[in-house]
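Residue numbers (our numbering), protein chains in the order written: chain R, 7 to 205; chain F, 524 to 742.
What the hints contain is simulated information worked out from the structure, not anything from laboratory work. C-beta atoms are modelled at their ideal positions from N, C-alpha and C, and glycine is treated no differently. Be careful, since some hints might not be right.
With a cut-off of at most 27 Å between alpha-carbon atoms, the simulated BS3-like pairs for lysine-lysine come out as follows [said to hold, decoys possible]:
| no. | chain 1 | residue 1 | chain 2 | residue 2 |
| --- | --- | --- | --- | --- |
| 1 | F | 592 | F | 544 |
| 2 | F | 534 | F | 544 |
| 3 | R | 54 | R | 200 |
| 4 | R | 54 | F | 610 |
| 5 | R | 54 | R | 202 |
| 6 | R | 47 | R | 202 |
| 7 | F | 610 | R | 47 |
| 8 | R | 50 | R | 202 |
| 9 | R | 50 | F | 610 |
Example chain F residues on the side facing chain R (calculated, C-beta under 10 Å, incomplete) [said to hold, decoys possible]:
| no. | residue |
| --- | --- |
| 10 | 665 |
| 11 | 671 |
| 12 | 673 |
| 13 | 675 |
| 14 | 680 |
| 15 | 685 |
| 16 | 693 |
| 17 | 694 |
| 18 | 706 |
| 19 | 708 |
| 20 | 709 |
| 21 | 724 |
| 22 | 728 |
| 23 | 731 |
| 24 | 741 |
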Amino acid sequence: MLGAVPRLPILNETIRNLYYHVPLWWAMMFQMGISLFYSAKFLKGENKQDERFAYNAALVGILLSIPGLITGSLWARYTWGTWWTFQDPKLNGVAIGILIYLIYFILRASIIQETARARVSSVFNIFAFVMFMLFIMVFPRLTDSLHPGNGGNPAFGKYDLDNNMRLIFYSAVIGWMCFSGWLLNILNRISLIKSKIDD
Amino acid sequence: MFNQQLLALIKKEFTLEFRQKASLGGILVYVVATIFISALSFNKIIVPEVWNALFWIIFLFSAITICGKSFTKESGGAALNNYVLYKPLTFFTSKLIYNFIFLLSISLVTLFFYSWFVGYLINNFALFILVLTLACLGFSAILTLMSAIASKADNNYTMMSILSFPVLIPVLILALRVSRQAIDGLAWSVSADFLLILISVNTICIVLSILLFPYLWRA
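The whole structure should be built from the sequences, with the hints applied where relevant.
Set out below in structure tokens:
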């Protein structure tokens, strides 16, 4: 973690944030993908457990987005000189993403009848995920991002990242994804036990 | 698709709308009053950026008000009746087409009063109308689905607006971009890329909402 890193302008030592910030967001997207998968599976197969799994995955995703946001914000303070900016499409995309999942939780909480709740929130989850992805993919084409690797900023390119860093980075990605999978597994087991007790 | 049932359903929507003159009049007054207030508040600071942003914000709120009530009438006995009589595809398409026509006419009224009260700054009128039509299409697809979702939740109206805002953003941002170019009177070739993206986003919205609606229908 404290190994040698390439000296790049602006980034300097903060490049180590790559080990935390980027994998956290990848893990978040990974969990949201799982949530989408379970929502679709529920609509196909009508198994209530799938819908609970989708909810749990979204919960883990939101949980990961909090440290992702904090590490990004801290990093931005030292490189861009500000905690938050509305000029960057990735920041806007993240804000929209978090908003969408908070609304998903509110929607899910506001319907009392169980089957209706499961169906309605699955439909919203699928639609919202696609719109979120569209936003992430379309919006950066319209404006340049301030993020490293975009718009001529250094880092993450072929020539910027040395092999030592790449090794740690990819293991961090795998590590955070496994961690999120472990959290999801625990939550899923809790909801399985709960549903067994209810029955 | 274009069968008797679909046409009959669309006709039914219009008949119901014109029978309740208060709700149609209410929306018109709402739009005109909002524009009048903006004309007073933004008295001397109307530059193209502000004009554009203000227009789309007014459009956004009137669209949510218009499409938000798509499914409020369809509850209890009426819902059961529809469920037995129609296919979800026909039913949803009729709502979508009706919302689209209604939204487009209201947005043209909005454009007329907005240009009158606030000022007329558009240089490429045809492009602006095209963007407005595409935005109406995308908005009606998204809002019809969201209103179907909101009708299942408890506090319908609040739910409708919070569900819609984040999912409308991709279409809204694209429309804002292209309409800005229409105001500046740029050539069509400049906007071609954005128009293509807007059309594909619209297509995705329509297909997705048609695919997902049957699941709500059964609930």
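Hints, one by one, checked against the model:
About 15 Å separates the Cα atoms of residue 592 of chain F and residue 544 of chain F, which keeps this hinted pair within 27 Å; it holds. Straight-line distance between C-alpha atoms of residue 534 of chain F and residue 544 of chain F comes to about 16 Å, which keeps the hinted pair within the 27 Å bound. For the given pair, residue 54 of chain R sits about 13 Å from residue 200 of chain R by alpha-carbon distance, which is consistent with the 27 Å threshold. This hinted pair checks out: residue 54 of chain R and residue 610 of chain F have alpha carbons roughly 25 Å apart, not beyond 27 Å.
A distance of roughly 12 Å separates the Cα atoms of residue 54 of chain R and residue 202 of chain R; the hinted pair therefore holds under the 27 Å criterion. For the hint pairing residue 47 of chain R with residue 202 of chain R, the CA-to-CA distance comes to about 21 Å; that is within 27 Å, so the pair holds. The suggested pairing of residue 610 of chain F with residue 47 of chain R holds, with an alpha-carbon distance near 23 Å, which does not exceed 27 Å. Among the hinted pairs, residue 50 of chain R with residue 202 of chain R is consistent with the structure: their alpha-carbon atoms are about 23 Å apart, no more than 27 Å.
Restraint check for residue 50 of chain R and residue 610 of chain F: satisfied, since their Cα atoms lie roughly 19 Å apart, inside the 27 Å limit. Nearest Cβ of chain R to the Cβ of residue 665 of chain F: about 8 Å, under the 10 Å cut. The hint holds. For residue 671 of chain F, the suggested interface contact is upheld, since its CB lies about 8 Å from the closest CB of chain R, less than 10 Å. The beta carbon of residue 673 of chain F comes within 9 Å of a beta carbon in chain R, closer than 10 Å, and the hint placing it at the interface holds.
A hinted interface residue such as residue 675 of chain F counts as satisfied when its beta carbon comes closer than 10 Å to some beta carbon of chain R; here the least separation is about 5 Å, so the hint holds. Given hint, residue 680 of chain F at the interface with chain R, is violated; its Cβ is 12 Å from that chain's nearest Cβ, farther than 10 Å. The restraint placing residue 685 of chain F at the interface with chain R holds, with a minimum CB-CB distance near 6 Å, inside the 10 Å limit. Because the closest C-beta pair between residue 693 of chain F and chain R is about 5 Å apart, less than 10 Å, the hint holds.
Taking 10 Å as the C-beta cut-off, the interface hint given for residue 694 of chain F holds, the closest approach to chain R being about 9 Å. Hint on residue 706 of chain F is violated. Least Cβ distance to chain R is approximately 17 Å, over the 10 Å limit. Hint on residue 708 of chain F is violated. Least Cβ distance to chain R is approximately 20 Å, over the 10 Å limit. Taken as an interface hint, residue 709 of chain F does not check out: its beta carbon lies about 15 Å from the nearest beta carbon of chain R, beyond 10 Å.
Below 10 Å, beta-carbon pairs count as interface contacts, and residue 724 of chain F has one with chain R at about 6 Å; its hint therefore holds. Nearest Cβ of chain R to the Cβ of residue 728 of chain F: about 8 Å, under the 10 Å cut. The hint holds. At its closest, the beta carbon of residue 731 of chain F sits 6 Å from a beta carbon of chain R; the interface hint therefore holds under the 10 Å criterion. Here the hint on residue 741 of chain F is kept, as its CB sits about 7 Å from the closest CB of chain R, short of 10 Å.
Figure legend: structure checked against the earlier numbered hints; hints not met, in rising order: 14, 18, 19, 20.
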